[in-house]
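Participant: If you want the building blocks of each chain, they are given just below.
There are 2 protein chains.
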Amino acid sequence: MKVALDAMGGDFAPEAAIEGAKLAIQELPPDVQIVLVGKEDIITNLLSEKGVESDLIEIHNADEVIGMAEHPTKALSQKPNSSIAVGFGLLKSGYVQAFCSAGNTGAMHVGAMFTIKAIEGVIRPGIAGFVPKENGDFGVIIDVGANADCKPDVLMQFGQMGSIYAKNVFGIDDPKVGLMNLGEEEQKGTLLTQAAYQLFKIDKQLNFVGNIEGRDIFNDKADVIVCDGFTGNVILKFAESIYDILKKRNLLDPFFHKFNYEAIGGSPILGVNGNVVIGHGVSSGTAIKNMLLQAQRMAGSNVHLKIKESLGA
Amino acid sequence: MKVALDAMGGDFAPEAAIEGAKLAIQELPPDVQIVLVGKEDIITNLLSEKGVESDLIEIHNADEVIGMAEHPTKALSQKPNSSIAVGFGLLKSGYVQAFCSAGNTGAMHVGAMFTIKAIEGVIRPGIAGFVPKENGDFGVIIDVGANADCKPDVLMQFGQMGSIYAKNVFGIDDPKVGLMNLGEEEQKGTLLTQAAYQLFKIDKQLNFVGNIEGRDIFNDKADVIVCDGFTGNVILKFAESIYDILKKRNLLDPFFHKFNYEAIGGSPILGVNGNVVIGHGVSSGTAIKNMLLQAQRMAGSNVHLKIKESLGA
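Just so you know, the sequences run in chain order A and B.
Residue numbering for the first sequence follows my numbering, beginning at 1 and increasing consecutively.
Residue numbering for the second sequence follows my numbering, beginning at 1 and increasing consecutively.
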């Protein structure tokens with residue numbers, strides 16, 4: 001299996017990316033190769049500086065770089081030789097089985113939609129985030145920002161895709177799916193959540209546990225938290241800021257340590273024809289390493305094919 | 001000044017309410033009287049049990065009680081002698097200058113809308129919550145649950161009302177108003193936040209600081225955080241759960257201690273013709289005391305009249 005990594009993406013690229021690859025080859029199964037996508041000379045120099053000599057690392061040249069603040073659609077069309085565009089090309093051709101980057105999130109999302117494309121039958125692919133649970137597990141929260149406005153059937157599919165991810169990547173047998181809402185009762189909420197509730201209720205395949213509230217994010221009421229991308233984004237950034245404050249105040253314990261994005265690595269795009277993981281812009285080498293491990297697990301369990309089998313038209 | 005307290009409202013009523021009143025008279029200015037609304041015999045017995053003898057406390061009988069789980073509109077029409085209905089009667093007649101309760105939130109909201117009513121010109125009254133800021137201040141977040149679905153002009157008014165509250169009750173000179181969103185850029189967000197942004201942008205009276213994100217809730221980017229009631233409710237309950245987990249894990253420090261709802265007391269309804277504060281269902285005596293102090297500050301600074309002057313038709 002080959003996993004491509006955008007060596008030029010992220011606030012601390014290319015150093016952090018190369019460092020992440022170096023750490024990852026020590027933990028990945030020996031049949032996994034990392035394909036570093038980016039400026040070949042820079043990557044070669046960095047690998048040699050860091051003393052990395054491994055046939056588990058391969059370089060694929062890409063002359064251009066999409067900046068963190070560039071407009072995603074414009075940048076992708078104007079920079080066909082950027083590391084993100086080239087990475088998606090490798091994924092589409094089947095040369096690699098997963099592609100990940102800590103670079104421009106919008107460009108990663110648009111790149112996925114325009115190259116490997118949404119699975120036919122999936123209305124809107126979503127970006128999944130992860131939240132630590134008090135019981136030691138991780139929960140999936142989807143969507144965390146790709147779709148600010150959602151329709152009820154889109155939320156329904158988020159629940160289905162999140163459930164498939166939780167089952168296949170986290171090994172949770174029959175994942176509990178909860179709908180984020182402002183109250184537990186069926187009739188509570190926005191027009192969106194009220195309508196979505198009815199769709200979830202009649203689905204016989206999902207283990208739908210009903211509405212959950214803001215206070216249930218860390219408990220075990222739901223393994224999969226379904227919400228629109230606006231709400232999910234606010235929750236995730238709020239949680240991140242709490243981690244930062246706890247760290248600053250020296251209050252971290254093993255549970256709150258797991259809030260650290262570095263431990264998780266990245267957020268997969270679910271509902272597209274391939275395994276794509278987007279990392280945090282500030283990703284360190286450790287974060288990149290964990291993103292690579294996650295991409296490999298995702299590819300190993302064929303999540304996107306299972307979503308296609310289940311939701312594909 | 002007289003402040004009415006629903007003696008029968010809350011999970012621990014009437015004991016917690018009486019305890020709260022007892023604590024409050026030790027801190028309130030001597031010209032403030034507390035009017036306890038509820039079953040007179042029960043209240044009298046409790047006051048005597050607790051050794052409270054004060055002419056700063058007055059009892060106003062109300063024979064019925066609205067339960068925490070009752071349907072707000074039905075309960076209010078079927079129980080005209082409930083402590084909530086009677087309390088609003090006292091507020092409407094001008095006998096008291098503020099009314100507060102830790103009872104049924106929905107009944108408090110509906111009661112306000114049907115008795116003292118929304119200020120003419122205010123499209124939707126909102127419930128304000130409070131978040132501690134890292135710099136030691138408190139911020140206002142509005143709405144936290146009264147209006148799940150909002151229109152752009154409703155968010156605009158939340159910003160105006162929150163700003164008036166922050167200025168008059170917290171004494172913040174020119175409160176910074178931020179729009180909760182999933183990114184900082186003007187074009188980011190839902191159709192709702194994009195449209196609301198344009199309304200805020202052309203307003204010359206408000207100190208609008210633009211979009212803020214989930215990570216900005218505790219920093220000083222904004223004194224007033226504007227969002228729909230769905231988002232605000234998720235944020236507030238999420239913050240509450242974090243407080244609970246920190247407490248359980250013995251990780252509280254002075255900053256996180258301020259997450260405790262007890263320190264704040266309650267959430268005012270802004271945009272109605274009177275001062276109304278709703279307390280948390282689980283309110284302890286300390287929480288009730290702080291709700292009473294808050295109601296008195298609100299009444300003392302005439303927040304509802306200032307909102308009427310500014311937004312009234």
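Since the hints were made in silico from the structure, they are not lab data.
Hints may be right or wrong, so weigh each one.
Which copy is meant is left open, because identical chains are indistinguishable; a pair holds if it fits in one copy or across any two.
Stated by the list, open to error - Straight-line distance between alpha carbons at most 30 Å, and here's what the computed DSS-like set of lysine-lysine pairs gives:
| no. | residue 1 | residue 2 |
| --- | --- | --- |
| 1 | K39 | K248 |
| 2 | K188 | K79 |
| 3 | K39 | K221 |
| 4 | K308 | K39 |
| 5 | K151 | K188 |
| 6 | K74 | K167 |
| 7 | K39 | K22 |
| 8 | K133 | K79 |
| 9 | K258 | K79 |
| 10 | K167 | K92 |
| 11 | K176 | K39 |
| 12 | K39 | K50 |
| 13 | K247 | K151 |
| 14 | K133 | K247 |
| 15 | K248 | K79 |
| 16 | K22 | K79 |
| 17 | K74 | K201 |
| 18 | K79 | K151 |
Participant: Decide, hint by hint, whether the structure agrees.
Facilitator: Going down the list of hints, with the structure as the test:
In this assembly of identical chains, K39 and K248 lie within 30 Å of each other by CA distance neither inside one copy nor across copies; the values are 36 Å within and 50 Å between. In this assembly of identical chains, K188 and K79 lie within 30 Å of each other by CA distance solely across copies; the values are 23 Å between and 47 Å within a copy. Within a single copy, K39 and K221 get their C-alpha atoms no closer than 46 Å, and across copies no closer than 39 Å, so neither meets the 30 Å cut-off. In this homomeric assembly, K308 and K39 never come within 30 Å of each other (Cα to Cα): the closest approach is 34 Å inside a single copy and 62 Å across copies.
Taking identical chains as interchangeable, the C-alpha atoms of K151 and K188 lie at most 30 Å apart whether they share a chain (17 Å) or sit on different chains (18 Å). Proximity of K74 to K167 under the C-alpha cut-off of 30 Å is found in neither arrangement, the shortest distances being 37 Å within a copy and 44 Å between copies. Taking the closest pair of Cα atoms, K39 and K22 come within 30 Å of each other only inside a single copy of the chain (17 Å); across copies the shortest separation is 72 Å, beyond that limit. Taking the closest pair of Cα atoms, K133 and K79 never come within 30 Å of each other, the shortest separation being 41 Å inside a single copy and 43 Å across copies.
Neither within a single protomer nor between protomers do K258 and K79 lie at most 30 Å apart by alpha-carbon distance, with minima of 37 Å and 49 Å respectively. Proximity of K167 to K92 under the C-alpha cut-off of 30 Å is restricted to the intra-copy arrangement: shortest distance 25 Å within a copy versus 56 Å between copies. In this assembly of identical chains, the alpha carbons of K176 and K39 never lie at most 30 Å apart, being 44 Å within a copy and 45 Å across copies at closest. Taking identical chains as interchangeable, the C-alpha atoms of K39 and K50 lie at most 30 Å apart only when both belong to the same chain, with a minimum of 17 Å there against 77 Å between chains.
Taking CA atoms no more than 30 Å apart as the test, K247 paired with K151 passes in neither setting, with 38 Å inside one copy and 38 Å between copies. For the identical chains of this complex, K133 and K247 are neighbours both inside a copy (19 Å) and across copies (16 Å), given an alpha-carbon limit of 30 Å. In this assembly of identical chains, K248 and K79 lie within 30 Å of each other by CA distance neither inside one copy nor across copies; the values are 40 Å within and 52 Å between. For the identical chains of this complex, K22 and K79 are intra-copy neighbours only, at 28 Å inside a copy versus 70 Å across copies, given an alpha-carbon limit of 30 Å.
Only between protomers do K74 and K201 lie at most 30 Å apart by alpha-carbon distance; the minimum there is 27 Å, versus 41 Å within a single protomer. Neither within a single protomer nor between protomers do K79 and K151 lie at most 30 Å apart by alpha-carbon distance, with minima of 33 Å and 39 Å respectively.
Checked against the numbered hints given earlier, the structure breaks hints 1, 3, 4, 6, 8, 9, 11, 13, 15, 18 and satisfies all the rest.
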